[in-house]
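Top to bottom, those sequences are chains U and L.
Numbering that gives the first Met the number 0 puts the first residue of the first sequence at 0, with every later residue one more than the last.
Numbering that gives the first Met the number 0 puts the first residue of the second sequence at 0, with every later residue one more than the last.
None of these hints come from the bench; they were simulated from the model.
Owing to the predicted nature of the structure, the values given are computational and were not obtained by experimental measurement.
In this text, a Cβ means the ideal position worked out from N, Cα and C, and glycines have one as well.
Accuracy of the hints is not assured; some may be wrong.
[Unchecked claim] Derived SDA-like pairs: lysine to any residue, alpha-carbon spacing no greater than 25 Å straight-line: (1) K182(L) x Q119(U); (2) K182(L) x A81(U); (3) K182(L) x K148(U); (4) K148(U) x W183(L); (5) K182(L) x I66(U); (6) K125(U) x G172(L); (7) K102(U) x Y171(L); (8) K282(L) x A69(U); (9) K282(L) x W183(L); (10) K255(L) x L53(L); (11) K182(L) x Q124(U); (12) K102(U) x I277(L); (13) K125(U) x L53(L); (14) K182(L) x L128(U); (15) K148(U) x R284(L); (16) K106(L) x Q124(U); (17) K125(U) x K255(L); (18) K106(L) x A69(U).
[Unchecked claim] The following label-pair restraints were derived from C-beta to C-beta distances: (19) M26(U) x L204(L): 53 to 61 Å; (20) G73(U) x R169(L): 37 to 45 Å; (21) Y94(L) x V90(U): 16 to 24 Å; (22) G129(L) x D91(U): 46 to 54 Å; (23) L104(L) x Q151(U): 42 to 50 Å; (24) E127(U) x Q230(L): 20 to 28 Å.
[Claimed, not checked] Negatives, chain L to chain U, calculated, CB over 12 Å: (25) R13; (26) C83; (27) I112; (28) K182; (29) Y244; (30) K255.
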Amino acid sequence: MNVNSTATANNKIKMCARSVNVFYGTMQALRDITLDIPDRTITAIIGPSGCGKSTFLRLFNRMNDLIINARVEGDIKLDDMAIYAGSVDVVDLRRRVGMVFQKPNPFPMSIFDNVAYGPQRQGVQKNELPDIVENSLKQAALWDEVKDKLHQSGLSLSGGQQQRLCIARALAVEPEVILMDEPCSALDPIATLKIEDLMRELVKDYTIIIVTHNMQQAARVSDVSAFFWMEPDRAGVLVEYGPTPQMFSRPKDKRTEGYITGRFG
Amino acid sequence: MITVMSAQSKRHNRTEPIAFFILGLFTLIIVSPVIFILVYILINGIGAITWDFLTQMPSMAGKAGGIFPAIIGTFYLMLGTLLCALPIGMFAALYLTEYARQNRLVKIINLTIVNLAGVPSIVYGLFGLGFFVLTMNIGMSVLAAILTLSCQALAMMIASSREAIVAVPREYGEASLALGSTKWQTIRHIVLPQSMPGIITGAVLAISRAAGETAPILTVGAAFYLPALPQSPFDQFMALAYHLYTVAANVPGISKTTIWGVALVLIAVVLIFDIGAIIIRMKARQRRHE
């Protein structure tokens, strides 16, 4: 199976960043990032700790808004909408751009209520919820494991199951893009493989951006890779960007080569 | 080598029970006054407890009859203070933690709240008399007492609610917002249910304390002797704590058993309230973990 065979060149651009700078107070966290995210592909963001990968990911659903003193310059677009424009409703944006976090974080509620949480907040009718929950859990490849215990706590599941529950929860609001912030870093290898298989399945319908520390994971799962690097002033920059097979076999930049071959980072 | 090790393990075997004994002793020292007070009051006061004592109006300045109006008065005070201080305290804490920018003004407000909890209770009494009774012209009444006690309870309520709200894991709030929930939806469906047990605990402590206060209410409407129930929030009232003070200090020739009986009833009222709150809190916890 060649998971990287998706023709990335022909895909339209789903999200893009143009000359993006991010500051935390006076410290610059990201410098001049320009990057396209192709539709229905998996884009992996890789690079050493502290190079601003998570900061970059959280720009796409404006989760950085929660950080006091964070300032964003430049343009980020979802389709043709500039998401940092004053007229944009952040709540609507986050319904279109979902997120899965590093640590599985199901709510301390039943499995059913976890998945139904998003649709409920949008005012979906109660009688529509069971179908939404079932479909979302099926899409997240969790349905068969939990269909008989939907009313048990989401916290009673294993770590891998919890993370798939969080994916189901994100899918339930029917997003277009899913952001994943090191979704497997707290999971064992078998649970990790399950999530990776799931991502390959989901990418048929969704655009996925994943931050990962795991080079093998980026190579296995992504279509496009973006390599970030931290400059001496601690600002993150985009060093290299391209189709994953190309970047992993013939990296253009010495720093990329050094990092992906494990010489440093 | 072997001898060294065994000497060491012998030393462990000796120090371990001593440590446990000392820790246990200190726990006992803390607990024993409470138990002693409770048992002492129970033994001395149980003789006064009869059906008539609990349900009749007092007569002869409290020497005879019952303490029904004082029980009802204390009940009104607790209920009123709860209804007044719990929502205000909870929403103030929510605003301070979730909405307010963490600037110098908020820091000053937080510091003020902490200091408010340390203000002597008689000062609240004087404030209540000056502000609620006279300036707002509410008069010496149940309402004025409730408002005065609420001011005192608020400091505690806000502080404990804030602790409970801050303790809710950030990940839950982030997950909710990332699903496209509004801030208020996140507070309503995640933050509040999660922090409710802690908020209730704070309320219980604050209200229990309000029930036992004498100084803040004696200036704003608690009656020395009033063998009738308040007919409106603007009437004067009796309260157990103040009644206990008057019969103990100001009624010569009253039987000691009656005095202890009043104390026993006061403790029982607070205890029943606490048990009720614990049950509610357990329900809230269960819902949180279901």
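Notebook entry, point to check: Non-interface claim for C83(L): all C-beta distances to chain U beyond 12 Å?
Noted result: Answer for C83(L): holds, closest chain U Cβ roughly 31 Å.
Notebook entry, point to check: Does the alpha-carbon distance linking K182(L) and A81(U) stay inside the 25 Å limit?
Noted result: 22 Å, holds
Notebook entry, point to check: K255(L) clear of chain U by more than 12 Å, beta carbon to beta carbon?
Noted result: Holds, since 52 Å exceeds 12 Å.
Notebook entry, point to check: Taking only the CA atoms, is the gap from K282(L) to A69(U) under or equal to 25 Å?
Noted result: Violated. K282(L) to A69(U) sits at ~40 Å, over the 25 Å cutoff.
Checklist line | Pair hint outcome, K102(U) versus Y171(L) [Cα-Cα no greater than 25 Å] | finding: 11 Å, holds
Check: Does the Cβ distance between M26(U) and L204(L) fall inside 53 to 61 Å?
Finding: About 43 Å separates the Cβ atoms of M26(U) and L204(L), which means 53 to 61 Å is violated.
Notebook entry, point to check: Can the restraint linking K182(L) and Q119(U) be considered satisfied, given a maximum Cα separation of 25 Å?
Noted result: Satisfied, since the Cα-Cα distance of roughly 15 Å is no more than 25 Å.
Notebook entry, point to check: Keeping to a limit of 25 Å between CA atoms, is the pair of K106(L) and Q124(U) held or broken?
Noted result: Answer violated: K106(L) to Q124(U) is near 43 Å, above 25 Å.
Notebook entry, point to check: CA of K182(L) to CA of Q124(U), is that 25 Å or under?
Noted result: 21 Å, holds
Notebook entry, point to check: Taking the CB of E127(U) and the CB of Q230(L), does the distance hold inside 20 to 28 Å?
Noted result: 53 Å, violated
Check: Is the distance from the Cβ of G73(U) to the Cβ of R169(L) consistent with 37 to 45 Å?
Finding: Check failed, 27 Å falls outside 37 to 45 Å.
Next item on the list: Given the hint that K182(L) pairs with L128(U), test it: the Cα-Cα distance must not exceed 25 Å.
Entry: Between K182(L) and L128(U) the Cα gap is close to 22 Å, so the pair holds against 25 Å.
In summary, the numbered hints that this structure violates are 3, 4, 8, 12, 13, 16, 17, 19, 20, 24 and 28.
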